[in-house]
Amino acid sequence: MTRKRRRLWILVACGLGLGSATALTLSAFSDSLVFFVSPSDLAKDAPNGRTVRLGGLVEQGTVVRSGGPGKPVATFRVTDGANSVKVTYAGILPDLFREGQGVVTLGTLQSDGTFRASEVLAKHDETYMPKEVAEALKKSGHWNPDAGPPPPASTWNTLAGAKQPGS
Amino acid sequence: MNARSVVGTPQAGRSLHRFANPGQFLRLSGAVLPWLTAGAVALTTLGLVWGLFFAPADWQQGDAVRIMYVHVPAAWLASAGYMALAICSVLSLVWRHPLADLAAVEIGPVGAGFTALCLATGSLWGKPMWGAWWVWDARLTSVLVLFFLYLGHVALVRAFDDPTRGYRAGAILALVGVVNLPIIKFSVDWWNTLHQPASITLTGAPTMALSMLWPLLIAAVGYMLTFAAIVVARTRAAVMERRVRGLLMARAASDGAEAPVVASSGEAAPERAAAERAAFQAAAQESAR
Numbered sequence: 001m002t003r004k005r006r007r008l009w010i011l012v013a014c015g016l017g018l019g020s021a022t023a024l025t026l027s028a029f030s031d032s033l034v035f036f037v038s039p040s041d042l043a044k045d046a047p048n049g050r051t052v053r054l055g056g057l058v059e060q061g062t063v064v065r066s067g068g069p070g071k072p073v074a075t076f077r078v079t080d081g082a083n084s085v086k087v088t089y090a091g092i093l094p095d096l097f098r099e100g101q102g103v104v105t106l107g108t109l110q111s112d113g114t115f116r117a118s119e120v121l122a123k124h125d126e127t128y129m130p131k132e133v134a135e136a137l138k139k140s141g142h143w144n145p146d147a148g149p150p151p152p153a154s155t156w157n158t159l160a161g162a163k164q165p166g167s
Numbered sequence: 001m002n003a004r005s006v007v008g009t010p011q012a013g014r015s016l017h018r019f020a021n022p023g024q025f026l027r028l029s030g031a032v033l034p035w036l037t038a039g040a041v042a043l044t045t046l047g048l049v050w051g052l053f054f055a056p057a058d059w060q061q062g063d064a065v066r067i068m069y070v071h072v073p074a075a076w077l078a079s080a081g082y083m084a085l086a087i088c089s090v091l092s093l094v095w096r097h098p099l100a101d102l103a104a105v106e107i108g109p110v111g112a113g114f115t116a117l118c119l120a121t122g123s124l125w126g127k128p129m130w131g132a133w134w135v136w137d138a139r140l141t142s143v144l145v146l147f148f149l150y151l152g153h154v155a156l157v158r159a160f161d162d163p164t165r166g167y168r169a170g171a172i173l174a175l176v177g178v179v180n181l182p183i184i185k186f187s188v189d190w191w192n193t194l195h196q197p198a199s200i201t202l203t204g205a206p207t208m209a210l211s212m213l214w215p216l217l218i219a220a221v222g223y224m225l226t227f228a229a230i231v232v233a234r235t236r237a238a239v240m241e242r243r244v245r246g247l248l249m250a251r252a253a254s255d256g257a258e259a260p261v262v263a264s265s266g267e268a269a270p271e272r273a274a275a276e277r278a279a280f281q282a283a284a285q286e287s288a289r
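Line order of the protein sequences matches chains A and B.
Under the numbering used here, the first residue of the first sequence carries the number 1, and numbering increases by one thereafter.
Under the numbering used here, the first residue of the second sequence carries the number 1, and numbering increases by one thereafter.
Please keep in mind that the hints were generated in silico from the structure rather than gathered at the bench.
C-beta: ideal position from N, C-alpha, C; glycine also.
Any given hint could be a false lead.
As the list claims (entries may be wrong) - Pairs of lysine-lysine residues, derived as DSS-like cross-links and limited to a Cα-Cα distance of at most 25 Å, are as follows: (1) 44(A) - 86(A); (2) 71(A) - 86(A); (3) 127(B) - 71(A); (4) 127(B) - 185(B); (5) 131(A) - 127(B).
Claimed, not checked - Calculated Cβ distances over 10 Å to all of chain B for the following chain A residues: (6) 18; (7) 30; (8) 38; (9) 55; (10) 79; (11) 94; (12) 108; (13) 112; (14) 124; (15) 152.
Said to hold, decoys possible - Some, not all, of what chain A presents toward chain B, calculated at C-beta under 8 Å: (16) 35; (17) 123; (18) 153.
Looking at chain A on its own, in the form it has when it is part of the complex:
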């Protein structure tokens, strides 16, 4: 075995060791690596007054805006499909906030089951399309933006061979 070959094998062995150590560490800590928990996680084990991030979609027809000018208050429900949690938030909501949109809220679960948020962040998905395409999809009945994420890209993006709706 040449010295070169030996160095290569040492490197491969170190790489395997380091890689598996990292994989084990990450899988062991994967609970604390998540940025937010879902309403179902919250229902499964209550955080007992700890501050947590709650993430999910804003449920249809649950957004109620109140409060005077300069002190807006909003209540809405955050859902992951299976469970939903009522959230109250006093403050200015981000521009992308709307029903059906993903949000991540930071706050505490109150004893009455509502989640009092001190911060609301909007989460957007990985779909990018011009207004005209979105309009065409809506007009043709393929997609209702309030009801959830856009249809699969293969149905509207021309790269996939499908005809762009409305074009």
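Chain A is already provided as a structure; the job is to place chain B on it using the hints.
Chain B alone, transformed into the frame defined by chain A:
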């Protein structure tokens, strides 16, 4: 260096070392560099002008989506540049490739620059869309770690009096950091993150309209050529710097031999540098075989 290990190179290693000769590298890169630079300027300009001024606005993000054309290629190149650094490190550690050492030193600051651009534009994009400049989610944190790995490499390779020891230490650091690359790539799939998953995947149709995808891809190729052009130019400069230093040291040494008074005023540095130059040339000659 250990010329012994270079002798008896298997067939695969020989083709690898054909480009190790600094003279050959200077000739080849000198011919390629103007084209590389022209392509880099042209495609980066085309992609960015198209994306920033002519591509459509997004249906929900509006004009803020245009930050993507600066941010996403920078992010891709931050990871790809680190991959290049890691490949140079393997060549350096296993095959003692003299050019790979120099290339690794020169890739570090460029990669750090692209990563900084990615982090800065991401922050500018996050504030209007998410509502926060920065969050500690897995994607953002792992890219910040990548930035620190680059900075650590930049500092470490320059921290030794003996450059060879710096190359070895830097190569080991760079290879340890490779575990971060899959974490960056898959962080958005493995864990809940605020950052959205990838729009462009190998398996499915891109979830991005073609009118936005084209300028993005052109800008990405432009960034890639820019990265390559800067690294090649810097590596050329490093090779030439090394040659000039070698010539100066050789002259100082020969002057010193003729006039001992001059030599005694200097310390041992010229001798070490001359030895280093000899070793570099020996390795390069061996590699060129």
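The hints, checked one at a time:
no. : hint            : in the structure
1   : 44(A) - 86(A)   : 16 Å, holds
2   : 71(A) - 86(A)   : 20 Å, holds
3   : 127(B) - 71(A)  : 21 Å, holds
4   : 127(B) - 185(B) : 23 Å, holds
5   : 131(A) - 127(B) : 22 Å, holds
6   : 18              : 6 Å, violated
7   : 30              : 7 Å, violated
8   : 38              : 8 Å, violated
9   : 55              : 6 Å, violated
10  : 79              : 15 Å, holds
11  : 94              : 4 Å, violated
12  : 108             : 18 Å, holds
13  : 112             : 26 Å, holds
14  : 124             : 6 Å, violated
15  : 152             : 7 Å, violated
16  : 35              : 4 Å, holds
17  : 123             : 6 Å, holds
18  : 153             : 4 Å, holds
Consistency note: the structure conflicts with the earlier hints numbered 6, 7, 8, 9, 11, 14 and 15.
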